[in-house]
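Chemist: My request is simple: use the sequences and hints to build the entire structure.
There are 4 protein chains.
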Amino acid sequence: MSIPQQATDAIRAAGRRMDTFGWVPATAGNISLRMDADRIAITRSGFHKGFIPEDGVMAVDLDGRAEDSALRPSAETGLHCGIYRRFPNAAAALHGHSVPATVLSRLAGPEIRLAGYELLKAFPGLPTHQAAVRLPVFENDQDIGRLQSRVTQAWDADPAHPPGYLIRGHGLYVWAEDMPGALLRLEALEFMLSCELETRRLRP
Amino acid sequence: MSIPQQATDAIRAAGRRMDTFGWVPATAGNISLRMDADRIAITRSGFHKGFIPEDGVMAVDLDGRAEDSALRPSAETGLHCGIYRRFPNAAAALHGHSVPATVLSRLAGPEIRLAGYELLKAFPGLPTHQAAVRLPVFENDQDIGRLQSRVTQAWDADPAHPPGYLIRGHGLYVWAEDMPGALLRLEALEFMLSCELETRRLRP
Amino acid sequence: MSIPQQATDAIRAAGRRMDTFGWVPATAGNISLRMDADRIAITRSGFHKGFIPEDGVMAVDLDGRAEDSALRPSAETGLHCGIYRRFPNAAAALHGHSVPATVLSRLAGPEIRLAGYELLKAFPGLPTHQAAVRLPVFENDQDIGRLQSRVTQAWDADPAHPPGYLIRGHGLYVWAEDMPGALLRLEALEFMLSCELETRRLRP
Amino acid sequence: MSIPQQATDAIRAAGRRMDTFGWVPATAGNISLRMDADRIAITRSGFHKGFIPEDGVMAVDLDGRAEDSALRPSAETGLHCGIYRRFPNAAAALHGHSVPATVLSRLAGPEIRLAGYELLKAFPGLPTHQAAVRLPVFENDQDIGRLQSRVTQAWDADPAHPPGYLIRGHGLYVWAEDMPGALLRLEALEFMLSCELETRRLRP
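Chains as they are written, first to last, in my numbering: chain W, 1 to 204; chain U, 1001 to 1204; chain V, 2001 to 2204; chain B, 3001 to 3204.
If you're looking for bench data, these hints aren't it; they were derived computationally from the structure.
Even glycine gets a Cβ: it sits at the ideal position worked out from N, Cα and C.
Just so you know, not all the hints are guaranteed correct.
[Said to hold, decoys possible] Quick list of simulated restraints, FRET-style, between CB atoms: (1) E1139(U) with R3113(B): 56 to 64 Å; (2) R72(W) with D3063(B): 36 to 44 Å; (3) A132(W) with R3150(B): 50 to 58 Å.
[Unchecked claim] Chain B stretches covered by chain W per the calculated footprint, using a threshold of three residues with CB under 8 Å from any CB of chain W: (4) 3045-3051; (5) 3186-3198.
Modeler: The following block contains the structure:
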């Protein structure tokens, strides 16, 4: 089965937008869209996400199995699929790899707390800037299945978890009900992480 | 009544310019123009201001009431209208949400003092770099009416207030007699806030 | 007498290039070219130098007098003319107003010393990275004639002065034998000032 | 013998990409491609690498001798040729001159160690983020032959050396089996150096 042109275009455009911010250095980062209940369009492995070619997007099922076994999906496909299996309303997921996300996640404990930002309003269930969002930070792991298990346990343990998390030294994952929403959420989180980094420079 | 194409174009162009600087992350920021004595064109709520669509601008009166009740104006419409009611010569108002404005406003007391910058000449009544501008910093508040009251009281108390202020963790408001003037003023203030942030890193 | 199209185009292009770096915030910065021995093309006052209009460039003589008295030249025209009177080979001068130049000049003593940079090779008489360039820092002054006198005295006192200087809180002036050379020199100096600012953050 | 259009285009495009990141300030940086076993296409000396003209690329042999003796190759041609002589599979080499590379190399000892970054996977023989890459830092030297001798000795001494090194105050050299690979490797290293710089600001 083929990938709708709209999905390919949306993923390629998201990559270009993320590249303008420096969030997809080298071959880092990945981008996916849910095409229907159990088909995901995701970036293929090894391409610079700011310059995804027309054939740089492929289809996988909810367990990350490629429809075309000749193509290799993103190394982190398992994390995208974990999101889609868990959250039926999630229809877009983005992994950005920015300097603030990388630096702060290397220095953080088990979470990064963001409070006092107007932009927190971008998160569901947080209608006011007076709330706080606690972004979990997971240890990096080349065994993606094992990493996803730890993410799933964290979701089980905290029903109020936000629609995003960090992997230490590896960047930020966010998801939303469509690609525009995911890009807005990524931009809001990256902005707040930049503010945190700047603030910590002033108060080491 | 419709919105002149010129007004829509100016607002959309201002959004694109502000986005190049990173001043309108996610759905933050808002932009308005006075169309005549009591009609304001303002960005609709929920759009990324770097990519305002053709129909992303709407008309409100000086009390913020939408001419087309089906459309939702920016959440901060009340702050724009407060400016236009108070200052008959104000014809453009911009709310930018930059990292320096956000970080410095979270750490500041009731004001941020800017002195010794050549760019201070951009402010009315300050023909020399030897003056200082004191930007008020207001606590954020989801009740915009209440926030505007505090802003109005500050204007009453200080006739020499500058044409701009900060909201803690939420960014910068500026206004001027036209859109080009407002963009220049925003750029000058954001530049000086960037310098302040850099300077404070050197002398914490 | 009119201004050659080539001169207008070169000045407008220089402004756009400087704007991409953030060196001409609001109406700051100015740009000039020597058209012949005693005619200078310079940016008119009050325009954003990233968006100089077709008629945003005007002609002055070596004393800064406008050929068309209806037009107002840049406020700092006297500094450009001081360069052209002193250095017959100078044919382009640029004033950039960057964050590093502004921040470092506010904190510096009478000069900023740059050493150990490969890019110092860009300066005449310095074929090796092992030399140092000492950029004078002058106090800002709204009386441009008085400011130029102090600059001229410094040139008299130090024959080895570099082709650039800083004005406290106001930015950087450089000059060269043509516009491409001036842009390269400005870029090299701004790069080294950025490095200095970063280094001082690490060793306050 | 002429230079294939593809080689000229690839080099000019690489320069434009590097310029968007600020890695080729003024006339700094250089770019080369191996055309066949013993012919190298390299940027000519003195041009801004973000704006390499159509005739800004020239051919040299593996000892750096110009095929057209009227043209002057990059001052650092000897370093590019040293890479191509040593590594028969190397087909592209890039010298970038960024602020982080310049600042960190000035402060570093004999090497900069990068560990804990997911992007380390971009380096051959390092399939996991748990490894570390040690980038050698060489003292700058205007005698390129002497500098290349020290680089060669380091390669002899450490068979596990990475495909990149720093020159103090002068920037970063990387190489790969083709231009896309070299650009990805440069982007990955520059990203990690930016993270290092940010991290050191937080823990001076």
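Chemist: Each of the hints needs a verdict: does it hold here or not?
Modeler: For each hint, the structure was consulted:
At roughly 45 Å, the beta carbons of E1139(U) and R3113(B) sit outside the given window of 56 to 64 Å. A hinted range of 36 to 44 Å holds for the C-beta pair R72(W) and D3063(B), which are about 41 Å apart. Taken as a hint, the range 50 to 58 Å holds for the pair A132(W) and R3150(B), whose Cβ atoms sit roughly 53 Å apart. Counting residues of the segment 3045-3051 of chain B whose CB falls under 8 Å from any CB of chain W gives 0; the rule of at least 3 is not met.
By the rule of at least three residues with a Cβ nearer than 8 Å to a Cβ of chain W, the coverage given for the segment 3186-3198 of chain B holds, with 7 such residues.
When held up to the earlier numbered hints, the structure conflicts with 1 and 4 and fits the remainder.
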